[in-house]
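> Numbering-wise, the sequence shown is residues 1 to 261 according to the working numbering.
Think of the hints as simulated: they come from the structure by calculation, not from any bench.
If a hint is listed, it holds; no wrong ones were tucked in.
16 Å max Cα-Cα, derived EDC-like pairs, lysine to aspartate or glutamate:
hint: 1; residue 1: Lys261; residue 2: Glu85
hint: 2; residue 1: Lys119; residue 2: Asp101
hint: 3; residue 1: Lys155; residue 2: Asp47
hint: 4; residue 1: Lys119; residue 2: Glu98
hint: 5; residue 1: Lys116; residue 2: Asp139
hint: 6; residue 1: Lys119; residue 2: Asp141
hint: 7; residue 1: Lys116; residue 2: Glu85
hint: 8; residue 1: Lys201; residue 2: Glu169
hint: 9; residue 1: Lys155; residue 2: Glu50
hint: 10; residue 1: Lys21; residue 2: Glu50
hint: 11; residue 1: Lys116; residue 2: Asp141
hint: 12; residue 1: Lys21; residue 2: Asp65
hint: 13; residue 1: Lys116; residue 2: Glu87
hint: 14; residue 1: Lys23; residue 2: Asp65
hint: 15; residue 1: Lys261; residue 2: Glu87
hint: 16; residue 1: Lys119; residue 2: Asp139
Estimated spans, in silico, between C-beta atoms of each pair:
hint: 17; residue 1: Leu163; residue 2: Gly186; range: 30 to 38 Å
hint: 18; residue 1: Ala15; residue 2: Glu249; range: 41 to 49 Å
hint: 19; residue 1: Lys252; residue 2: Ala40; range: 45 to 53 Å
hint: 20; residue 1: Arg256; residue 2: Gln51; range: 36 to 44 Å
hint: 21; residue 1: Val222; residue 2: Ile151; range: 19 to 27 Å
hint: 22; residue 1: Leu35; residue 2: His154; range: 22 to 30 Å
Backbone N, C-alpha and C define an ideal beta-carbon position, used for all residues, glycine too.
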Amino acid sequence: MQEQSLSKGDQRRQAILGMLKQKGRVSVQDIVDTLHCSEATARRDLDMLEQTDSVIRTIGGAIYDAYHTAKEVSFEEKTSLSWVEKERIAFTAASLVEEGDIIGLSGGTTTYLIAKQLKARNGITVVTNALNIAMELADSDGIQLVVAGGILRHKSYELCGPLTEKVVESLNIGKMFLGIDGFALGQGLTTHSESEAQIAKILIQRAERTFVVFDRSKVGRVSLFSIAPVASVHACITDAPLEGPLQEELRKRDIRVYVAK
1 MQEQSLSKGD
11 QRRQAILGML
21 KQKGRVSVQD
31 IVDTLHCSEA
41 TARRDLDMLE
51 QTDSVIRTIG
61 GAIYDAYHTA
71 KEVSFEEKTS
81 LSWVEKERIA
91 FTAASLVEEG
101 DIIGLSGGTT
111 TYLIAKQLKA
121 RNGITVVTNA
131 LNIAMELADS
141 DGIQLVVAGG
151 ILRHKSYELC
161 GPLTEKVVES
171 LNIGKMFLGI
181 DGFALGQGLT
191 THSESEAQIA
201 KILIQRAERT
211 FVVFDRSKVG
221 RVSLFSIAPV
231 ASVHACITDA
241 PLEGPLQEEL
251 RKRDIRVYVA
261 K
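Could you build all of it, start to finish, from the sequences and the hints given here?
Right, dumping it as structure tokens:
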């Protein structure tokens with residue numbers, strides 16, 4: 001009786017959740033083949049399941065989060081977290097940008113604040129895959145703005161996917177300012193989104209120097225998807241001194257740590 005009271009969509013999503021629990025991971029094509037629905041319907045169902053169940057969307061499918069990993073927080077929600085600290089980090093980062101620089105800004109609240117700091121500057125080029133950063137700088141006559149287009153992730157305003165990757169692969173960035181969700185000694189730089197991790201890897205590869213920007217809450221945190229090892233970083237900009245084995249590893253690798261005041 002309970003199953004009969006469910007809509008066709010609810011029954012389909014329950015079936016998808018059952019597949020995820022059994023296999024751990026499913027692709028959109030798996031759902032299409034098993035449940036005889038369209039790709040658009042399968043993607044829409046996965047998006048809905050991500051909001052209500054232990055499901056994490058990936059490129060082309062989803063995985064089952066049996067351990068209830070911390071869910072991704074939207075940009076709007078992040079604006080209420082450590083905002084003052086992030087403003088200090090952004091000020092320090094902006095002080096490292098000089099006229100003539102070609103810089104990169106990934107998505108994130110801290111990198112968005114860097115963009116606000118740079119808004120009145122002249123003679124710099126900014127490469128970004130974040131729609132909100134592009135809009136912030138759109139009316140800045142002194143800044144040449146390069147936007148890597150692609151598929152929009154609504155939670156972060158980042159543009160990702162093959163189109164974005166193709167654009168970034170053709171660019172040369174001097175100073176890359178990269179926002180992250182986690183920074184740990186063993187796991188390195190991590191993020192909640194598989195597609196954002198992929199574009200971040202390419203941004204690092206195309207940059208001469210990578211500055212990773214993060215507040216103290218990200219230290220020791222590990223998110224689901226790896227971006228790069230600690231060794232890929234040229235400098236860190238944060239709001240508190242790093243300590244212990246992580247600090248020692250950065251010192252050994254001559255990775256500078258800027259502590260925002």
